[in-house]
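Enquirer: Could you put together the complete structure from these sequences and hints?
Residues in the sequence shown are numbered from 1 upward in steps of one, following the numbering used here.
Think of the hints as simulated: they come from the structure by calculation, not from any bench. Fair warning: this is a prediction, and the values are worked out from it, not measured in the lab. Careful: at least some of the hints might be erroneous.
[To be verified] Using 20 Å as the maximum straight-line C-alpha spacing, the simulated EDC-like pairs for lysine to aspartate or glutamate come out as follows:
#1 LYS169 with ASP151
#2 LYS169 with GLU155
#3 LYS169 with ASP139
#4 LYS184 with ASP135
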Amino acid sequence: MPGHTVPDAGPADLASLFTAAYRTYSASVRGYLRARGVDDPDAATHDVFLALYTRMTPPEGDAGPGTPPRVTGGLEGAKALAFTIAHGRAVDHHRRRSRTPLLVAHEQDEDPRPSPPTPEDEVLAASGVLRLLGDLSDDHREVLLLRVVADLSIEQTAEIMGRTTGAVKQLQRRALDALRATAKTAELSTR
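Expert: Here you go:
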């Protein structure tokens, strides 16, 4: 489906494009949202794909200046738009959380719901990746999450972050340097 543009597509093409996008990118979107610290990455992932689905249907009438972007470019276009939406949801989550006071602390011992860690959670916790990412600046962490976890191109990352491609390349280089330094320090401290 690369090269497939939504306005020319029929309902069956849209359904198969959405299905392919969900199956291909939902795990990456969830990982991105989890790494960004979203409290419920599963629910946020579903919200992202619901928003993506609404943008896959052709607009009714003329699209005005306030109309959200539509999916073009087939599966790659769906990927770029899904991560753009995910980025926006993560930003909204942190803004909302910064404005909402913490009312009650969660007491793990009093919570009757079982929540065994997923294999992904165990691997991430054991590897220390989240701790290493947490030591980076927000911009460094964001560029690495978009480029590595989300596997977005430099151009797609630049569009999401609101920067030029040159700035993203430089930011990624600095982020990798900072990550190497942090990892080296962490490695030395465990010896």
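Enquirer: For each hint, tell me whether it holds in the structure or not.
Expert: Against the structure, the hints come out as follows:
no.: 1; hint: LYS169 with ASP151; verdict: 14 Å, holds
no.: 2; hint: LYS169 with GLU155; verdict: 10 Å, holds
no.: 3; hint: LYS169 with ASP139; verdict: 12 Å, holds
no.: 4; hint: LYS184 with ASP135; verdict: 13 Å, holds
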